[in-house]
Amino acid sequence: SDSNFNNLLNFSQLLYDLVNVILSFYFKRQNTNWTTTLSPQQTGKFVNLDMSNATEDVTMSAVLLREDDPGEAATMSMYSDFLHSFLKHTSTTIFDLVDEYESICNSQVNILGKIVYRATPGQQKFSKTASVLWLLKQEMVTWRLLSSLYSMCPIWYLWVCDNEKTNVDNLFQKDSVVRQSQLVVDWLESIAKDEIGDFSDNIEFYAKSVYWENTLHTLKQRQLSTYIGSSRALVTELDPDAPIRQKLPLDDLDREDDARLLKYLFTLIRAGMTDEAQRLCKRCGQAWRAATLEGWKLYHDPNINGGKELEPVQGNPYRCIWKISCWRMAEEEQFNRYERAIYAALSGNLKQLLPVCDTWEDTVWAYFRVMVDTLVEQEIRTSVITAEEMEELPRDYLETNWTSEKVFEELQATDKKRVIEENQEHYHVIQKFIILGDVDGLMEEFSRWLSKDRSVLPGHLLRFMTHLILFFRTLGLQTKEEVSVEVLKTYIQRMVSEKHTDLIAFYVSHLPPELAVAQYALFLEDVIESDQRHHCLELAKDAGLDVATITKTVVENIRKKDAGEFSHHDHMLDMGTTEADRLKIDVIDWLVFDPAQRAEALKQSNSIKKHWFKHEAAKDVFVKIPQDSIAEIYNQWEEQGMDTPLPAEDDNAIREHLCIRAYLEAHETFNEWFKHMNSAPQKPSLLPQASFTEKVAHEHKEKKYEMDYGIWKGLLDALTADVKEKMYNVLLFVDGGWMVDVREDAEDDPERTHQMILLRKLCLPMMCFLLHTVLHSTGQYQECLRLADMVASERHKLYTVFSKEELRKLLQKLRESSLMLLDQDLDPLGYEIQP
Numbered sequence: 001s002d003s004n005f006n007n008l009l010n011f012s013q014l015l016y017d018l019v020n021v022i023l024s025f026y027f028k029r030q031n032t033n034w035t036t037t038l039s040p041q042q043t044g045k046f047v048n049l050d051m052s053n054a055t056e057d058v059t060m061s062a063v064l065l066r067e068d069d070p071g072e073a074a075t076m077s078m079y080s081d082f083l084h085s086f087l088k089h090t091s092t093t094i095f096d097l098v099d100e101y102e103s104i105c106n107s108q109v110n111i112l113g114k115i116v117y118r119a120t121p122g123q124q125k126f127s128k129t130a131s132v133l134w135l136l137k138q139e140m141v142t143w144r145l146l147s148s149l150y151s152m153c154p155i156w157y158l159w160v161c162d163n164e165k166t167n168v169d170n171l172f173q174k175d176s177v178v179r180q181s182q183l184v185v186d187w188l189e190s191i192a193k194d195e196i197g198d199f200s201d202n203i204e205f206y207a208k209s210v211y212w213e214n215t216l217h218t219l220k221q222r223q224l225s226t227y228i229g230s231s232r233a234l235v236t237e238l239d240p241d242a243p244i245r246q247k248l249p250l251d252d253l254d255r256e257d258d259a260r261l262l263k264y265l266f267t268l269i270r271a272g273m274t275d276e277a278q279r280l281c282k283r284c285g286q287a288w289r290a291a292t293l294e295g296w297k298l299y300h301d302p303n304i305n306g307g308k309e310l311e312p313v314q315g316n317p318y319r320c321i322w323k324i325s326c327w328r329m330a331e332e333e334q335f336n337r338y339e340r341a342i343y344a345a346l347s348g349n350l351k352q353l354l355p356v357c358d359t360w361e362d363t364v365w366a367y368f369r370v371m372v373d374t375l376v377e378q379e380i381r382t383s384v385i386t387a388e389e390m391e392e393l394p395r396d397y398l399e400t401n402w403t404s405e406k407v408f409e410e411l412q413a414t415d416k417k418r419v420i421e422e423n424q425e426h427y428h429v430i431q432k433f434i435i436l437g438d439v440d441g442l443m444e445e446f447s448r449w450l451s452k453d454r455s456v457l458p459g460h461l462l463r464f465m466t467h468l469i470l471f472f473r474t475l476g477l478q479t480k481e482e483v484s485v486e487v488l489k490t491y492i493q494r495m496v497s498e499k500h501t502d503l504i505a506f507y508v509s510h511l512p513p514e515l516a517v518a519q520y521a522l523f524l525e526d527v528i529e530s531d532q533r534h535h536c537l538e539l540a541k542d543a544g545l546d547v548a549t550i551t552k553t554v555v556e557n558i559r560k561k562d563a564g565e566f567s568h569h570d571h572m573l574d575m576g577t578t579e580a581d582r583l584k585i586d587v588i589d590w591l592v593f594d595p596a597q598r599a600e601a602l603k604q605s606n607s608i609k610k611h612w613f614k615h616e617a618a619k620d621v622f623v624k625i626p627q628d629s630i631a632e633i634y635n636q637w638e639e640q641g642m643d644t645p646l647p648a649e650d651d652n653a654i655r656e657h658l659c660i661r662a663y664l665e666a667h668e669t670f671n672e673w674f675k676h677m678n679s680a681p682q683k684p685s686l687l688p689q690a691s692f693t694e695k696v697a698h699e700h701k702e703k704k705y706e707m708d709y710g711i712w713k714g715l716l717d718a719l720t721a722d723v724k725e726k727m728y729n730v731l732l733f734v735d736g737g738w739m740v741d742v743r744e745d746a747e748d749d750p751e752r753t754h755q756m757i758l759l760r761k762l763c764l765p766m767m768c769f770l771l772h773t774v775l776h777s778t779g780q781y782q783e784c785l786r787l788a789d790m791v792a793s794e795r796h797k798l799y800t801v802f803s804k805e806e807l808r809k810l811l812q813k814l815r816e817s818s819l820m821l822l823d824q825d826l827d828p829l830g831y832e833i834q835p
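Numbered according to our numbering, the sequence shown terminates at residue 835, and the numbering increases by one at each position without gaps.
Any given hint might turn out to be false.
Said to hold, decoys possible - Okay, derived cross-link-like pairs now, DSSO-like style, lysine-lysine, Cα gap no bigger than 30 Å in a straight line:
#	residue 1	residue 2
1	LYS619	LYS489
2	LYS489	LYS193
3	LYS417	LYS480
4	LYS489	LYS561
5	LYS624	LYS541
6	LYS137	LYS489
7	LYS624	LYS610
8	LYS88	LYS561
9	LYS263	LYS417
10	LYS619	LYS552
To be verified - Label-pair distances were calculated between CB atoms; the ranges are:
#	residue 1	residue 2	range
11	THR644	LYS88	31 to 37 Å
12	THR644	LEU715	45 to 51 Å
13	THR359	LYS88	22 to 28 Å
14	ASP748	ASP827	46 to 52 Å
15	GLU706	LYS797	43 to 49 Å
16	LEU253	GLN334	15 to 21 Å
17	GLN334	LYS88	56 to 62 Å
18	THR644	ASP789	38 to 44 Å
19	GLU294	ARG245	18 to 24 Å
Just so you know, the hints here were simulated from the structure itself, not pulled from any lab data. For every residue, glycine included, the Cβ atom is placed at its ideal position computed from N, Cα and C.
Please model the entire structure based on the sequences and the hints provided.
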């Protein structure tokens with residue numbers, strides 16, 4: 001109920017406030033940070049949550065928590081958001097569009113993060129939400145990668161100067177491989193930075209300004225005569241190299257603090273936050289360690305070229321010595337694994353860096369960082385450093401010929417199970433091909449996913465794949481057409497199944513024209529409501545689709561469903577309209593929205609009416625065609641400035657429409673006549689021994705009968721005249737006959753021609769028999785015999801549509817009429833017999 005729901009909201013808010021207070025109190029008492037017990041990855045999940053805003057959007061999140069699939073419900077708006085963003089931007093602002101895509105993903109990631117944070121652990125639906133959250137995070141960073149790599153502008157001018165910094169600057173400007181590799185490193189570091197947040201401000205170590213204070217305290221205590229503590233061997237000196245030099249340990253608490261600090265320092269360096277790492281070192285009393293993190297900076301003396309004023313020198317003039325020291329330090333097994341990894345990252349020592357890289361992102365970062373480091377070092381040693389100044393680094397480091405392709409080959413060969421599994425994730429595969437610049441390879445991968453089982457691909461992944469293809473097309477990059485089309489078709493089908501009606505037309509417009517018509521027509525087949533149909537056509541028009549061809553295709557698709565072989569079934573003429581019939585009738589609505597399609601509406605309605613002559617169903621089709629359609633067709637033709645006759649196809653369609661209307665009107669009038677004919681008043685009868693009262697009553701009944709009979713006979717005569725006229729209109733249809741084209745210059749349509757010939761053979765003999773029934777039943781026997789002249793006439797050639805059996809049947813009916821004439825003392829043709 002609403003009251004229970006409101007109580008839940010209030011309780012949730014109080015609970016989060018209480019947690020906030022408890023955590024704050026706990027941290028103050030402990031003088032430490034709760035994140036120190038977590039891994040860097042776990043830390044990132046919590047430090048991005050601002051506890052002061054823990055109750056923000058409580059209402060929205062609580063509502064989403066009630067959904068069966070909160071992740072899908074929360075992100076449903078992304079489909080329309082991406083389309084609206086695309087429509088806002090032109091090709092000149094394509095990278096603004098990519099940034100907007102990233103922003104949309106980021107907003108949804110924040111929302112889902114709150115849902116997962118507030119969810120009950122272990123529930124299946126929230127595991128789905130977490131899965132969606134991971135997908136959107138990966139999509140967000142993939143858009144970031146695209147923006148970074150494809151907006152990269154090469155700079156071709158060079159500076160000539162013999163110092164490290166300038167030469168490396170020149171290297172980055174002239175070598176796209178180095179430049180792109182550094183962008184990949186920056187991208188991976190930005191992902192790590194997003195994950196860890198700004199947690200270093202909250203890290204509190206027991207030693208604020210003095211490092212290893214517990215060891216220092218113990219050493220001081222041991223100098224006192226009253227010391228009775230542990231006599232375990234510890235370092236006796238506290239310079240940074242003491243533990244290694246003396247091969248003695250620090251106090252256990254200091255070792256724990258050091259291990260924790262080193263892990264965080266590596267995490268900061270992994271996130272590209274070297275300055276932050278140095279600041280943390282200084283805050284923890286390890287300024288010397290901060291200095292070791294400074295040595296990578298390239299040397300640059302701006303005063304070499306001469307100037308009026310001296311400028312400060314930048315970088316480390318002894319960087320070579322510093323680097324070989326870092327390399328050796330990374331190789332030293334006595335150091336903590338994260339300390340070795342820190343200096344391995346700074347010196348390009350891949351072998352010692354990889355052991356702490358547990359994820360796909362970490363591993364790729366390690367390879368590309370070392371790749372950039374190697375290429376930079378090769379440039380410096382080639383251009384700046386003399387042989388005398390060189391410090392020897394391992395040959396395999398200096399001579400490795402790194403390429404992006406080689407990096408991912410190495411990644412395939414890793415022995416880390418997690419990295420191998422993550423290497424197969426959809427987004428990591430996409431990121432790999434983007435980094436490699438291999439669009440064809442990416443398209444082949446898309447094709448493999450679609451052929452494997454496209455139904456299991458997440459909707460958000462399909463959305464990304466679609467917009468990635470549109471991004472490539474906007475940049476003018478060639479994508480494999482057949483794969484691009486399959487991706488678009490799959491996404492369109494997903495949009496249809498998930499009822500994203502307003503989005504479909506846009507994506508269909510990016511298919512080849514013929515396929516676009518087929519796809520949108522397929523979608524429209526299931527649109528039933530008239531207002532919705534009109535709306536879908538407006539969307540198609542706005543998207544630049546060929547609306548006329550689409551609506552024609554919709555009608556033809558539905559008309560041809562369960563069509564079977566064309567035939568005529570007498571027993572079906574007066575059967576009720578089935579649901580399948582109703583679908584075929586209603587489909588004509590697609591063609592009457594636009595007055596310019598009235599001719600096509602006539603053609604399609606003719607096809608439907610011809611296929612089955614169920615009278616009620618056929619009349620319903622006629623109702624669908626506006627009464628002014630024929631006049632509208634002529635008006636449309638004249639508005640185009642045409643002073644020639646209508647196209648033959650349109651002219652013949654109008655005639656065919658009139659033929660069918662004449663036939664149905666004749667049938668309907670016959671039914672009325674037949675019903676009236678069989679509802680004649682019954683003449684009252686008088687019993688042989690009737691009383692006087694009964695005789696008087698009988699006289700009144702006879703008078704009423706005579707009056708009713710007169711009325712009935714008058715209406716019968718009128719109906720008889722009407723039905724005769726309408727039947728003759730069919731049998732003697734003007735300008736060539738019923739269902740005969742007046743224009744022979746139309747495009748050849750064998751199927752239609754066959755249908756019209758067959759309809760003449762099926763309908764005209766039956767109409768002739770019905771006319772005979774009318775004439776014979778009303779005593780017009782002589783006119784019955786004139787039917788033979790009409791059928792045999794060479795002008796109308798009706799005899800050509802009669803089979804031998806039908807002619808035999810007609811002659812039999814004419815014989816019956818002749819016999820009636822003979823009974824009236826007339827000759828067989830109805831003339832008086834001359835004495």
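Quick rundown of the hints versus the structure:
With a C-alpha separation of about 38 Å, the suggested pairing of LYS619 with LYS489 is violated against the 30 Å cut-off. With a C-alpha separation of about 37 Å, the suggested pair LYS489 and LYS193 falls outside the 30 Å cut-off, and the hint is violated. Among the hinted pairs, LYS417 with LYS480 is inconsistent with the structure: their alpha-carbon atoms are about 33 Å apart, more than 30 Å. For the proposed pair LYS489 and LYS561, the alpha carbon gap of about 23 Å is at most 30 Å, so the pair holds.
In summary, the hint linking LYS624 to LYS541 is supported, as the alpha carbons are separated by about 23 Å, within the 30 Å threshold. Of the supplied pair hints, the one linking LYS137 and LYS489 holds, its CA atoms being roughly 25 Å apart against a limit of 30 Å. Among the hinted pairs, LYS624 with LYS610 is consistent with the structure: their alpha-carbon atoms are about 15 Å apart, no more than 30 Å. Restraint check for LYS88 and LYS561: the C-alpha separation of about 41 Å exceeds 30 Å, so the hint is violated.
A hinted pair counts as satisfied when its Cα atoms are at most 30 Å apart, and LYS263 with LYS417 qualifies at roughly 22 Å. Of the supplied pair hints, the one linking LYS619 and LYS552 holds, its CA atoms being roughly 21 Å apart against a limit of 30 Å. Roughly 46 Å separates the CB atoms of THR644 and LYS88, a value that falls outside the hinted 31 to 37 Å. With their beta carbons about 48 Å apart, THR644 and LEU715 fall inside the hinted range of 45 to 51 Å.
The supplied range of 22 to 28 Å is broken by THR359 and LYS88, whose beta-carbon atoms lie about 35 Å from each other. For the pair ASP748 and ASP827, the supplied restraint of 46 to 52 Å holds, since their beta-carbon distance comes to about 51 Å. Look at GLU706 against LYS797: about 47 Å separates their beta carbons, and that is inside 43 to 49 Å. Checked against the hint of 15 to 21 Å, the pair LEU253 and GLN334 passes, with Cβ atoms roughly 20 Å apart.
Evaluation of the 56 to 62 Å hint for GLN334 and LYS88 yields a pass: the beta carbon distance comes to about 59 Å. Taking 38 to 44 Å as the suggested C-beta distance range, the pair THR644 and ASP789 conforms, at roughly 40 Å. Checked against the hint of 18 to 24 Å, the pair GLU294 and ARG245 passes, with Cβ atoms roughly 23 Å apart.
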